[in-house]
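Engineer: All chains, full assembly: derive it from the sequences and hints.
Top line first, the protein sequences correspond to chains A and B.
Counted the way the working numbering counts, the first sequence spans residues 1 to 83.
Counted the way the working numbering counts, the second sequence spans residues 101 to 183.
These aren't lab readings, by the way, just hints derived from the structure by calculation.
Be aware that one or more of the hints could be misleading.
For each label pair, taking beta carbons as the anchor points, the in silico distance ranges come out as [to be verified]:
no.: 1; chain 1: B; residue 1: Lys102; chain 2: A; residue 2: Asp59; range: 34 to 44 Å
no.: 2; chain 1: B; residue 1: Asp159; chain 2: A; residue 2: Lys63; range: 16 to 26 Å
no.: 3; chain 1: B; residue 1: Glu152; chain 2: A; residue 2: Ser53; range: 38 to 48 Å
no.: 4; chain 1: B; residue 1: Met174; chain 2: A; residue 2: Leu68; range: 20 to 30 Å
As the structure is a prediction and not an experimental result, all values here were calculated from the model.
Note that the Cβ used here is the ideal one computed from N, Cα and C, for glycine as well.
Protein chains: 2
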Amino acid sequence: MKSFKIQVRVQFKDGILDPQAEAIQSALKKLQFKSVQNVRCDKAFLISLEAESETAAQDLGRKMANQLLANVVMENFEVEVVT
Amino acid sequence: MKSFKIQVRVQFKDGILDPQAEAIQSALKKLQFKSVQNVRCDKAFLISLEAESETAAQDLGRKMANQLLANVVMENFEVEVVT
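Structural biologist: Next up, the structure:
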C-alpha cells in the first residue's frame, strides 16, 4: 500500500441555479468590482489515503464522490491524483 | 479590456479546525473507506471578468479575496488566471 493524495472537485451541473454564486456576484458588484461577468463556486476535497496504485486511488475517489461527496443529481465531479 | 477567467482558491490555515472536513472523514470511515487518513475541504471560486492584462486580472482576484471571498484571519488564498 502506498500513500496518495487525491482531489475530488465538485461543481454544479450546467443549468442548476447556484444561489451562493449569485450572492457573491452581486456582493462583488456592490464592492465596485464592476467587470465581473460570472461567478462559479466549486468544492475541492483533498483526501490523503492508502491504495495499491494510482488507479486504485482514483477509483476510491470516484466511489467516495458517488456515495458521499457529490450529489450526482445536481453536481458533476472530477477525481485526480495530486501526489 | 480582455476577458479572463480567474480561480480564487481558499483553504483553512494550518492549525485551524475544520468541522466539515472532520465530519466527512468520519462519514467516509463509516462507509468503509478505511484507508482515508486526512480530508481537507477547499473552496474554489471561478470568476469571469474583464481586465487590461493578466496581471490586472490577478490583482483584482487578490482584492476580491481580501475583501470578500476569504476570511484572511483563518484562511489562505491563491489566485491564478485559468484562461
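Engineer: Against each hint, give a clear statement of whether it holds in the structure.
Structural biologist: Hints versus structure:
1. B/Lys102 with A/Asp59: 34 to 44 Å: For B/Lys102 and A/Asp59 the Cβ distance comes to about 41 Å; the hint holds.
2. B/Asp159 with A/Lys63: 16 to 26 Å: Once the Cβ atoms are compared, 41 Å apart, the range 16 to 26 Å for A/Lys63 and B/Asp159 is violated.
3. B/Glu152 with A/Ser53: 38 to 48 Å: This hint holds: roughly 47 Å between Cβ atoms.
4. B/Met174 with A/Leu68: 20 to 30 Å: 25 Å, holds
Checked against the numbered hints above, the structure breaks only hint 2 and satisfies the rest.
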